[in-house]
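6 protein chains.
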Amino acid sequence: MSGSLEELRKYRERMNEKILAAGNLQIQRFFNLDTRAYEGGALSAKIKELLGLVASLVLRCDDCITYHIVRCAEEGVTDGEFFEVFNVALVVGGSITIPHLRRAFERLEECRKLPKPNTKLGKD
Amino acid sequence: MSGSLEELRKYRERMNEKILAAGNLQIQRFFNLDTRAYEGGALSAKIKELLGLVASLVLRCDDCITYHIVRCAEEGVTDGEFFEVFNVALVVGGSITIPHLRRAFERLEECRKLPKPNTKLGKD
Amino acid sequence: MSGSLEELRKYRERMNEKILAAGNLQIQRFFNLDTRAYEGGALSAKIKELLGLVASLVLRCDDCITYHIVRCAEEGVTDGEFFEVFNVALVVGGSITIPHLRRAFERLEECRKLPKPNTKLGKD
Amino acid sequence: MSGSLEELRKYRERMNEKILAAGNLQIQRFFNLDTRAYEGGALSAKIKELLGLVASLVLRCDDCITYHIVRCAEEGVTDGEFFEVFNVALVVGGSITIPHLRRAFERLEECRKLPKPNTKLGKD
Amino acid sequence: MSGSLEELRKYRERMNEKILAAGNLQIQRFFNLDTRAYEGGALSAKIKELLGLVASLVLRCDDCITYHIVRCAEEGVTDGEFFEVFNVALVVGGSITIPHLRRAFERLEECRKLPKPNTKLGKD
Amino acid sequence: MSGSLEELRKYRERMNEKILAAGNLQIQRFFNLDTRAYEGGALSAKIKELLGLVASLVLRCDDCITYHIVRCAEEGVTDGEFFEVFNVALVVGGSITIPHLRRAFERLEECRKLPKPNTKLGKD
Numbered sequence: 003m004s005g006s007l008e009e010l011r012k013y014r015e016r017m018n019e020k021i022l023a024a025g026n027l028q029i030q031r032f033f034n035l036d037t038r039a040y041e042g043g044a045l046s047a048k049i050k051e052l053l054g055l056v057a058s059l060v061l062r063c064d065d066c067i068t069y070h071i072v073r074c075a076e077e078g079v080t081d082g083e084f085f086e087v088f089n090v091a092l093v094v095g096g097s098i099t100i101p102h103l104r105r106a107f108e109r110l111e112e113c114r115k116l117p118k119p120n121t122k123l124g125k126d
Numbered sequence: 003m004s005g006s007l008e009e010l011r012k013y014r015e016r017m018n019e020k021i022l023a024a025g026n027l028q029i030q031r032f033f034n035l036d037t038r039a040y041e042g043g044a045l046s047a048k049i050k051e052l053l054g055l056v057a058s059l060v061l062r063c064d065d066c067i068t069y070h071i072v073r074c075a076e077e078g079v080t081d082g083e084f085f086e087v088f089n090v091a092l093v094v095g096g097s098i099t100i101p102h103l104r105r106a107f108e109r110l111e112e113c114r115k116l117p118k119p120n121t122k123l124g125k126d
Numbered sequence: 003m004s005g006s007l008e009e010l011r012k013y014r015e016r017m018n019e020k021i022l023a024a025g026n027l028q029i030q031r032f033f034n035l036d037t038r039a040y041e042g043g044a045l046s047a048k049i050k051e052l053l054g055l056v057a058s059l060v061l062r063c064d065d066c067i068t069y070h071i072v073r074c075a076e077e078g079v080t081d082g083e084f085f086e087v088f089n090v091a092l093v094v095g096g097s098i099t100i101p102h103l104r105r106a107f108e109r110l111e112e113c114r115k116l117p118k119p120n121t122k123l124g125k126d
Numbered sequence: 003m004s005g006s007l008e009e010l011r012k013y014r015e016r017m018n019e020k021i022l023a024a025g026n027l028q029i030q031r032f033f034n035l036d037t038r039a040y041e042g043g044a045l046s047a048k049i050k051e052l053l054g055l056v057a058s059l060v061l062r063c064d065d066c067i068t069y070h071i072v073r074c075a076e077e078g079v080t081d082g083e084f085f086e087v088f089n090v091a092l093v094v095g096g097s098i099t100i101p102h103l104r105r106a107f108e109r110l111e112e113c114r115k116l117p118k119p120n121t122k123l124g125k126d
Numbered sequence: 003m004s005g006s007l008e009e010l011r012k013y014r015e016r017m018n019e020k021i022l023a024a025g026n027l028q029i030q031r032f033f034n035l036d037t038r039a040y041e042g043g044a045l046s047a048k049i050k051e052l053l054g055l056v057a058s059l060v061l062r063c064d065d066c067i068t069y070h071i072v073r074c075a076e077e078g079v080t081d082g083e084f085f086e087v088f089n090v091a092l093v094v095g096g097s098i099t100i101p102h103l104r105r106a107f108e109r110l111e112e113c114r115k116l117p118k119p120n121t122k123l124g125k126d
Numbered sequence: 003m004s005g006s007l008e009e010l011r012k013y014r015e016r017m018n019e020k021i022l023a024a025g026n027l028q029i030q031r032f033f034n035l036d037t038r039a040y041e042g043g044a045l046s047a048k049i050k051e052l053l054g055l056v057a058s059l060v061l062r063c064d065d066c067i068t069y070h071i072v073r074c075a076e077e078g079v080t081d082g083e084f085f086e087v088f089n090v091a092l093v094v095g096g097s098i099t100i101p102h103l104r105r106a107f108e109r110l111e112e113c114r115k116l117p118k119p120n121t122k123l124g125k126d
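Protein chains in written order, with the working numbering: chain A, 3 to 126; chain P, 3 to 126; chain B, 3 to 126; chain X, 3 to 126; chain S, 3 to 126; chain U, 3 to 126.
Worth flagging that the hints you see were computed from the coordinates, not collected in a lab. Don't take every hint at face value.
Note: identical chains are not told apart, hence a pair may lie in one copy or across any two.
[What the hints assert, rightly or not] Mimicking EDC-like on lysine to aspartate or glutamate, the simulated pairs with C-alpha atoms at most 16 Å apart in a straight line are:
| id | residue 1 | residue 2 |
| --- | --- | --- |
| 1 | Lys115 | Glu8 |
| 2 | Lys20 | Glu41 |
| 3 | Lys20 | Asp81 |
| 4 | Lys12 | Glu108 |
| 5 | Lys115 | Glu41 |
| 6 | Lys20 | Glu111 |
| 7 | Lys12 | Glu77 |
| 8 | Lys48 | Glu83 |
| 9 | Lys20 | Glu112 |
| 10 | Lys48 | Asp81 |
| 11 | Lys20 | Glu108 |
| 12 | Lys115 | Asp65 |
| 13 | Lys48 | Asp65 |
| 14 | Lys115 | Asp81 |
Start from the sequences and build out the full structure, keeping to the hints where you can.
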């Protein structure tokens, strides 16, 4: 694994700030749309985070998977629920997702050990 | 669009039967795992179909999208909920998903017009 | 090929209108960002359309390829330039892009035969 | 399915000729490398066609899959062997490959019915 | 490169055990199907490992590539054969696979230096 | 980030030399086509590097992104131009490209700090 959740969170925050500070208005708007896509509406924030997690798994993006695991945990997703999402991703995306599943599992363990207030990541 | 929901359903059923009849035990088992991944458990069948839909959208597979739209409609997913799933897929997967979104929207329209008992597709 | 440029344009316009009329504000904003990404700025509209074309080719989306070929032609891209973009896409994306390249070539032929004012597509 | 094997073969040949006639030397060289990659060497032509088939399946390109099924059949690949390649692709690439698998199966049926000399496709 | 073959093997084994111990029956079955897909049948184990390798290369998964290189080496794949698989993957998947090819080559070197009994990896 | 630009450059050069020295003629030819695809012709080298960058971003290959950022900087691409390419990639490829965008931004910073003659990378 490439760094702790805390290191990853800091890197993400620092780089996002730089990208947003660079002043491209359209990129700023995209980041805003990205944040708002996961806010509760017709579907709850929890369900939307599950959607973000399964999409990240089948597209095989470790940083995105980590982000959504942390957010899912904050929304109260249980281990049993996590494993059913992992299974859907595994069936849809195939064995090529397994290395990401191993890292996802490790992130989940790391996440469960963190005191609640520390788990909050900046936006993906 | 390449055929009605009904034509697509019949093609899928006919070919799935042939594939399963060909006698490769491991393929039969995979198809079984695929069916069971969407059965209600820790997460409801409805949420799992939403997961299947968003995964199909970001992986850009029209037939898979159609299948999960029909199943989501059967599980009572509302238009507002569909659009929030479409939005998550659009943000995660980008504008490259838009042609699939157009076809998804057309399938949803077709699906809403069908009498309930006819919408049932065989397994994806 | 699945329909003429004109049929494709009409389908795209009709479905985009329906999607935008459905009233999901975030999807509307995404479509707006998509339109604006190709407007001239630090880079010209022509270069941005070339970027859109190569991205569509390596991601293998026929409708997106068609859209950007039409727009590139409107921006005055020559056959020699088109072929160099096709070559970059072929080298980066591999032989898996060749079926899309065949259809791209056919669309380019179709596009060259159209009177200028008819080639305008609605937004992708 | 979008046309018979024979129609597909003619379309491929006609468009490949046009692309090669357009005179971009690097594209011509790429097409040449593509042809030669499947010639027997340290590995037999049969094994290389199996490699081309599994790669086309997991990358989900119907035209490429069709091409390699025809070539595999010409190299004497049996139904049992085809199904084991399909199974590897299904496990590696997941259920998202299933719609392609259905069309692959249909192409294989079509291919088995053709008299041997007619099955020959031009290069992918 | 992110760790030696031995470290990678231990990480894989440790995490796979945890995932299987978590008790989701469908994930356990998927892992079982994954293992069995590469067992000799109509096609030999060697050919199936070559299929796994080319699929992993075009899908660009370093851990999967490493796993199949080790298994191919165990099945007696020669350097000349490896390079022909690499070439098929390069032509099909394009230059985007080159960074993975560099790491594949390094893993192959590492693999050739290992005493035979140490090269055995747990299942991918 | 996994190593400095200089370390990455040396690794790439060393491994490319080994791959080319291994004597597979077709791989050598592919590497040659890869180099030549970015040489100025009907389109300038600068525009072709922009094409290579956007293709690498939407296909999400960090090493390829890094390579093309360095080459774009050598061709005089400005920060404003870089950001418009990043925006096209973000819109086309979606939020799944954001982790790569963060690393791209960091590479751009690193690149801007390097004295001109040191930024030259061997071929991708």
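We went through each hint and held it up to the structure:
{"no.": "1", "hint": "Lys115 to Glu8", "verdict": "within (12 Å within a copy, 28 Å between copies)"}
{"no.": "2", "hint": "Lys20 to Glu41", "verdict": "neither (24 Å within a copy, 24 Å between copies)"}
{"no.": "3", "hint": "Lys20 to Asp81", "verdict": "between (35 Å within a copy, 13 Å between copies)"}
{"no.": "4", "hint": "Lys12 to Glu108", "verdict": "between (19 Å within a copy, 14 Å between copies)"}
{"no.": "5", "hint": "Lys115 to Glu41", "verdict": "neither (26 Å within a copy, 30 Å between copies)"}
{"no.": "6", "hint": "Lys20 to Glu111", "verdict": "between (30 Å within a copy, 10 Å between copies)"}
{"no.": "7", "hint": "Lys12 to Glu77", "verdict": "neither (21 Å within a copy, 33 Å between copies)"}
{"no.": "8", "hint": "Lys48 to Glu83", "verdict": "both (11 Å within a copy, 13 Å between copies)"}
{"no.": "9", "hint": "Lys20 to Glu112", "verdict": "between (27 Å within a copy, 14 Å between copies)"}
{"no.": "10", "hint": "Lys48 to Asp81", "verdict": "within (14 Å within a copy, 19 Å between copies)"}
{"no.": "11", "hint": "Lys20 to Glu108", "verdict": "between (29 Å within a copy, 9 Å between copies)"}
{"no.": "12", "hint": "Lys115 to Asp65", "verdict": "neither (19 Å within a copy, 27 Å between copies)"}
{"no.": "13", "hint": "Lys48 to Asp65", "verdict": "neither (19 Å within a copy, 27 Å between copies)"}
{"no.": "14", "hint": "Lys115 to Asp81", "verdict": "within (13 Å within a copy, 39 Å between copies)"}
When each numbered hint is compared with the structure, violations occur for hints 2, 5, 7, 12 and 13.
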